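Numbered according to my numbering, the sequence shown spans residues 133 to 231.
Don't take every hint at face value.
What the hints assert, rightly or not - Simulated crosslink set (EDC-like; lysine to aspartate or glutamate; CA at most 20 Å straight-line): (1) Lys202 / Glu226; (2) Lys202 / Asp165; (3) Lys145 / Glu226; (4) Lys228 / Glu159; (5) Lys143 / Asp216; (6) Lys222 / Glu147; (7) Lys168 / Asp215; (8) Lys202 / Asp215; (9) Lys228 / Glu147.
It is worth saying that the hints were derived from the structure and are not from the lab. Remember, predicted model here, so these are calculated numbers, not experimental data.
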Amino acid sequence: MGKDNKYRTNKIKQEHTIIEDILPLLEKVAELDIIKSIIPGRINRRGGSGIPPHLKLKYPTPSGIKILAKNSSSIQEVFVVTDDVDQAMKLIKEIKFVK
Numbered sequence: 133m134g135k136d137n138k139y140r141t142n143k144i145k146q147e148h149t150i151i152e153d154i155l156p157l158l159e160k161v162a163e164l165d166i167i168k169s170i171i172p173g174r175i176n177r178r179g180g181s182g183i184p185p186h187l188k189l190k191y192p193t194p195s196g197i198k199i200l201a202k203n204s205s206s207i208q209e210v211f212v213v214t215d216d217v218d219q220a221m222k223l224i225k226e227i228k229f230v231k
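Turn these sequences into a full structure, and let the hints steer you where they fit.
This is the structure we're talking about:
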């Protein structure tokens, strides 16, 4: 196998910041066998609305699925790598904190 990646914990790349309270949600998605990798992206600030942390499925990408991770003050792009987008979206939708 290749050399260890210091920025990766299991399937989640953690080279950059992950917004507060979202990591446990991403870890739950990473438990799915069909998921190869989770890559958090850019963070944007948003007006505080007191919403609980959650994930929102957006759309398929060439390598998998784009998800938005949201909490009361921030929104973050998250890219999920998978070979079977349709099955992965179905399984992710079954997780209660994914909209």
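Each hint tested on the structure:
This hinted pair checks out: Lys202 and Glu226 have alpha carbons roughly 18 Å apart, not beyond 20 Å. Restraint check for Lys202 and Asp165: the C-alpha separation of about 24 Å exceeds 20 Å, so the hint is violated. Between the alpha carbons of Lys145 and Glu226 the distance comes to roughly 23 Å, so the proposed pair goes past 20 Å and is violated. With a CA separation close to 14 Å, the supplied pair Lys228 and Glu159 stays within the 20 Å bound.
For the hint pairing Lys143 with Asp216, the CA-to-CA distance comes to about 16 Å; that is within 20 Å, so the pair holds. With a CA separation close to 28 Å, the supplied pair Lys222 and Glu147 exceeds the 20 Å bound. Proposed proximity of Lys168 and Asp215 is supported: the alpha carbons are some 8 Å apart, at most 20 Å. This hinted pair does not check out: Lys202 and Asp215 have alpha carbons roughly 25 Å apart, beyond 20 Å.
For the hint pairing Lys228 with Glu147, the CA-to-CA distance comes to about 27 Å; that exceeds 20 Å, so the pair is violated.
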